[in-house]
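The working numbering applies: residue 73 is where the sequence shown begins, and numbers increase by one.
What the hints contain is simulated information worked out from the structure, not anything from laboratory work.
Each hint should be verified, as a subset may be incorrect.
Claimed, not checked - With beta-carbon atoms standing in for the labels, derived distance ranges:
(1) N90 / K143: 16 to 24 Å
(2) G97 / Y128: 24 to 32 Å
(3) E137 / H100: 17 to 25 Å
(4) G95 / V119: 18 to 26 Å
(5) P118 / D98: 24 to 32 Å
(6) M145 / G97: 29 to 37 Å
Idealized CB from N, CA, C, for every residue including glycine.
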Amino acid sequence: MSKVSEADFKAFNLIKLNYELLGNGDSHMHWHLFPRRLSEPNPRHPVWWTPRETMYSESFKPSEEKLEQLKNMLFCELNKLN
Numbered sequence: 073m074s075k076v077s078e079a080d081f082k083a084f085n086l087i088k089l090n091y092e093l094l095g096n097g098d099s100h101m102h103w104h105l106f107p108r109r110l111s112e113p114n115p116r117h118p119v120w121w122t123p124r125e126t127m128y129s130e131s132f133k134p135s136e137e138k139l140e141q142l143k144n145m146l147f148c149e150l151n152k153l154n
């Protein structure tokens with residue numbers, strides 16, 4: 073996760089990154105990374121301070137093309153770290 077976090081910072085020019093590590097009933101852990109940008113409603117506060125209707129609004133969802141571009145940017149930075 074440290075490499076993914078570093079790649080996030082380099083690819084997306086973040087102001088900070090919130091981490092959430094959860095252990096579920098099954099024996100595994102999973103992570104959530106919340107990239108934080110100044111353009112969001114509450115960039116320096118917990119991500120949960122943003123209303124759900126804002127967080128999940130259609131206007132914030134990337135198009136398929138944009139999503140592909142974002143994935144490529146992240147993978148490019150990850151490859152540089154390996």
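So, going through the hints one by one against the coordinates:
no.	hint	result
1	N90 / K143: 16 to 24 Å	holds, 20 Å
2	G97 / Y128: 24 to 32 Å	holds, 26 Å
3	E137 / H100: 17 to 25 Å	violated, 33 Å
4	G95 / V119: 18 to 26 Å	holds, 20 Å
5	P118 / D98: 24 to 32 Å	holds, 26 Å
6	M145 / G97: 29 to 37 Å	holds, 35 Å
Comparing the model with each numbered hint stated earlier shows that hint 3 is the single one that does not hold.
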